[in-house]
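Enquirer: Note that the protein sequences, when read in sequence, are chains A and B. Anchor point for the first sequence: position 123 equals 123 in this note's numbering, and the numbering is continuous, going up by one each time. Anchor point for the second sequence: position 200 equals 200 in this note's numbering, and the numbering is continuous, going up by one each time.
Do not take every clue at face value.
With a straight-line Cα cutoff of 20 Å, these simulated EDC-like cross-link-like pairs (lysine to aspartate or glutamate) come out [stated by the list, open to error]:
1. A:Lys209 - B:Asp22
2. A:Lys56 - A:Glu164
3. A:Lys120 - A:Glu191
4. B:Lys223 - A:Asp231
5. B:Lys223 - A:Glu27
6. A:Lys114 - A:Glu27
7. A:Lys114 - A:Asp45
8. A:Lys53 - A:Glu27
9. A:Lys245 - B:Asp225
10. B:Lys223 - A:Glu164
11. A:Lys120 - A:Glu27
12. B:Lys223 - A:Glu232
13. B:Lys232 - A:Asp235
14. B:Lys141 - A:Glu165
15. A:Lys110 - A:Asp134
16. B:Lys223 - A:Asp136
17. A:Lys143 - B:Asp22
18. A:Lys120 - B:Asp185
19. A:Lys209 - A:Glu140
20. B:Lys223 - A:Glu140
21. A:Lys53 - A:Glu213
22. A:Lys245 - A:Glu191
23. A:Lys209 - B:Asp127
24. A:Lys114 - B:Asp127
25. B:Lys223 - A:Asp134
26. B:Lys232 - A:Asp134
27. A:Lys110 - A:Glu27
28. B:Lys141 - A:Glu164
29. B:Lys223 - A:Glu186
30. B:Lys223 - A:Asp235
31. B:Lys223 - A:Glu213
Rather than coming from a laboratory, the hints here were simulated on the basis of the structure.
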Amino acid sequence: MPATTFRIWRGDPTSAQFKEYTTDISEGMVVLDAVHQIQAENAPDLACRWNCKAGKCGSCSAEINGRPRLMCMTRMDELPPGETVTIEPMRAFPHVRDLVTDVSWNFGVKERIKRFRPRKPDAPDGTWRMQQTDVDRVQEFRKCIECFLCQDVCHVLRDHHKHEEFVGPRYLVHLAALEMHPLDTEERVREIRRAHGIGYCNITKCCTKVCPEHITITDNAIIPLKERVVDEFYDPLTRLLRVFKPRRGASKDG
Amino acid sequence: MSESAKLPLPQFRRLGQTSRRDAWWVQPAGVFAGLMAFIVYSTWAAHQGDHYWLASGGADYLSPFYSPEIFGSSPHSWFGEPPAWLMRVWPSFLPFSPAILILWAPGGFRLTCYYYRGAYYKAFWADPPSCAVGEPAFRRKRYRGEHSFPLILQNIHRYFLFIAIGFIFLLFYDAYRAFWFLGIDGRRGLGVGVGTIVLLINPILLSLYIFGCHTLRHIMGGKKDCISSCPKAMQGAYRGVTCLNRRHMLFAWLSLFWVGFADAYVRLCSMGLISDWRLL
């Protein structure tokens with residue numbers, strides 16, 4: 001592959017603009033390799049967060065040609081040959097410098113979510129028994145590497161700045177993992193509706209499209225949670241049935 | 001969430017502003033064109049009130065836009081001609097059509113369907129126009145999503161689902177009737193015309209779409225934390241709905257196209273513009 005030109009967002013929140021760099025691309029390189037090469041050849045002060053280079057740490061999230069992606073998992077030969085490659089920081093979070101954003105808001109959100117509260121152990125030795133089919137469903141959500149690409153592409157955060165009212169797809173996945181867990185007994189549906197703002201999601205499925213772990217965020221996490229909220233608050237028939245069939249205490253399914 | 005106030009968030013982008021290089025507008029434009037074409041055609045067809053059944057050649061076809069025909073002039077009508085009380089309350093500017101009495105139900109199901117919601121929010125409201133593409137400025141801070149009125153009404157979807165399931169059975173019954181052709185001896189005999197196939201494919205595609213509904217998946221066990229505690233039949237139903245749900249978008253579009261096509265086929269045959277080929 002010949003030399004390729006990159007437009008990289010440089011600067012801090014007070015002053016930032018695109019700067020162009022040209023570097024040689026060899027076979028098998030990913031965008032993060034190219035960024036490192038640019039750092040080595042032309043821009044030693046280029047700020048970029050990275051760690052594992054294997055798509056598992058979720059550090060090198062950025063927008064490549066306008067699409068939220070992991071730099072370490074975007075192969076150069078996937079991009080249109082001969083065209084300038086644009087690399088920008090994520091747009092749903094405050095910009096710190098160059099390609100680095102402040103994602104600490106996410107950690108604050110996680111602290112507000114009610115923790116896992118298992119039922120009493122099933123066996124005298126303090127262990128539990130679960131069916132594989134029940135575990136498989138929540139296992140998908142545990143693949144999340146917290147790259148926050150889904151948060152970045154979510155228009156509720158990105159274009160409407162609803163950070164105070166909406167937790168974003170990453171934490172709806174986290175909530176789904178807790179809510180659907182066969183051992184968990186905590187009730188979170190009220191918070192999912194109010195404090196976590198699930199109603200703001202309008203199911204555009206952008207989060208699912210950008211997830212590097214291919215978690216079916218919308219269909220398997222968000223919509224099932226929306227349906228649980230409907231059960232609890234918006235469906236008069238279900239509410240009526242609940243009057244005649246009250247929940248039992250041990251587990252949420254009774 | 002006070003952390004968000006420490007550093008400023010990036011500036012909003014203008015409508016359509018993006019760094020994406022691909023033709024991001026193709027998908028929303030395709031959805032817009034597809035849905036608009038269906039809305040225009042179905043509205044026109046529903047207001048015709050005529051040419052919605054075929055009896056020539058011994059056939060017994062009814063357009064799916066008009067099924068069930070509660071009141072009407074065709075042999076498929078449940079209660080015959082529209083009663084006087086209905087005609088008194090019927091808007092005078094609108095010619096009577098049996099389709100208008102029933103189309104709110106399948107229309108409501110599609111309108112509140114999770115797949116279509118995501119698709120038409122993008123295509124009709126540019127909310128957002130496409131992933132990672134800027135939105136209209138006027139909506140920036142006023143965005144409410146499905147959190148409050150009017151879009152909170154989308155939560156009525158499950159009631160439309162129950163009605164839509166009833167429609168599937170009625171449409172299968174119409175397909176069954178399409179297998180019986182009137183002979184010269186005045187008795188009905190088994191037969192197959194092109195219209196029979198058209199009217200049979202319609203409820204099959206609708207079933208694949210409706211039985212892959214997200215809400216049905218929830219009802220069939222998704223609401224449980226321990227699906228294994230459900231009866232075996234329900235676990236099987238949950239797996240089946242989940243399987244169809246993976247192709248919900250595909251079946252949503254196929255069934256939408258086919259229901260329009262089935263109406264057009266019956267209409268064109270009824271108007272005498274094409275003939276229904278008898279295969280068997």
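Enquirer: Compare the structure with the hints numbered earlier in the document and write down the numbers of the violated ones, lowest to highest.
Expert: 2, 3, 5, 6, 7, 10, 11, 13, 15, 17, 18, 22, 24, 27 and 31
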